[in-house]
Amino acid sequence: MSILQSVKNLVRSKSIHVAYVDVGSCNGCDIEVLACLSPRYDIEQYGIYVHNNPREADILLVIGAYTPGWEEKLHTLWEKIPDPKVAIAVGNCPISGCLFNRPHTLVDPPVSKHIPIAAEVPGCPPRPTEILAAVLSVAPLVFKDYEVAKR
Amino acid sequence: MAFPIIPYIQEVTRLEWLRKFFFVKTAPLLTPPYFRGFPELTGKTCTHALFCMMACPAPGAIDVIRTPGGWQPRIHMGHCIRCGLCVEACPNGVLTSGRILESMFYDNTRLSFSFRIDVNTDLCMGCGNCAVACPVNKLIDAQMSHGGRASTDELLLKVSEGKCHVLHVEKCTGCKTCENHCPNEAIRVSRLLEAVHGQEEEV
Ligand code: SF4
Ligand code: SF4
Ligand code: SF4
Ligand code: SF4
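Those protein sequences? They're chains B and A, same order as listed.
Residues in the first sequence are numbered from 1169 upward in steps of one, following this note's numbering.
Residues in the second sequence are numbered from 9 upward in steps of one, following this note's numbering.
Calculated directly from the structure, the hints in this document are not laboratory data.
Hints may be right or wrong, so weigh each one.
[To be verified] Label pairs and their computed distance ranges (CB to CB):
1. B:Lys1176 <-> A:Phe31: 53 to 63 Å
2. B:Ser1170 <-> A:Phe11: 25 to 35 Å
3. B:Gly1237 <-> A:Arg157: 26 to 36 Å
4. B:Pro1271 <-> A:Leu200: 52 to 62 Å
5. A:Pro40 <-> B:Asn1220: 23 to 33 Å
6. A:Leu49 <-> B:Asp1210: 16 to 26 Å
7. A:Leu49 <-> B:Asp1251: 52 to 62 Å
8. A:Val32 <-> B:Asn1220: 23 to 33 Å
9. B:Pro1207 <-> A:Arg44: 22 to 32 Å
10. A:Arg74 <-> B:Pro1207: 47 to 57 Å
11. A:Thr39 <-> B:Gln1213: 48 to 58 Å
12. A:Glu187 <-> B:Gln1213: 24 to 34 Å
13. B:Gly1215 <-> A:Arg107: 34 to 44 Å
We put the CB at the ideal spot given by N, CA and C, even for glycine.
Start from the sequences and build out the full structure, keeping to the hints where you can.
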């Protein structure tokens, strides 16, 4: 492994940029993601930064049950994220539609139909510790030796 | 009064202190055992009463499946919202989650079920699918023909004068079979859950 690669691994393990997108949720999961930023959970001590810009992001947290307004938009957003990238489904909504997935509703879950999802965090809403654990366990798998794996 | 600068510098240049200052992280917070998690099995025998499935508000969150060892509820992550209603509803204490069972024991509460059937007479076309499908009707009158017409008034659902009529709502077990078989969505079964105090009476 080249020195350049090990430098990249080190940098990427200490600097994970997260963007989140709400494709039609009840806001419960958004609040739990917000709680990850609070001093109690303090997501930044692991080098994870949340600033909601897909062009700078490595990880996309997808929240919500996919309402019709997100047709095409979510995919465009996913395309904007530079490689290496990964999407994590947070909460029941992007996995199954949660309570909204009933006859005569407009939601179109799961979100994995629309963009590739690497990890799912079940719960309605999941606890901040569970979101944190998912981000921390997915990040090394995707970002470590990315250039080597791509070849 | 001399400012105790020397001990101060000694303190902040201790290797241990520096290590902690730069590298220590908040331990990943553990989930306390009294938090409501996904319900787990206690190992008691499930009698296939299906109250868990009736109480569950989330579509597709819980199934009761037949295993070689008997019936067993199974929770589906990604659907379950960890509300704990199935734990409260189970008359046999098969499921557990957090402190729900203990607090039910101390408070002496339980969930009681009742069912309400509404027939929208504007939508009902009197086909009788509901009355034929109803398993309670089947026990009362196994000979019931299609169309849902029968002579006895002991039935739960019966079609007369071209409309479905609910005769004995207290016999309903809340299975919603009728609702699923109605072509017009005319019949609706509501499951009413009530938290009640006191001992369980034999129904
Ligand atoms: S999973 Fe639950 S809390 Fe999260 S957005 Fe869906 S309904 Fe809301
Ligand atoms: S905890 Fe609530 S959502 Fe989960 S299976 Fe039980 S009743 Fe259904
Ligand atoms: S919900 Fe009640 S009326 Fe409907 S099929 Fe079941 S037992 Fe019969
Ligand atoms: S309620 Fe539905 S299934 Fe029952 S008789 Fe009327 S239309 Fe037929």
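Legend entry - Hints violated by the structure (listed by number, smallest first): 1, 2, 3, 4, 6, 7, 11 and 12
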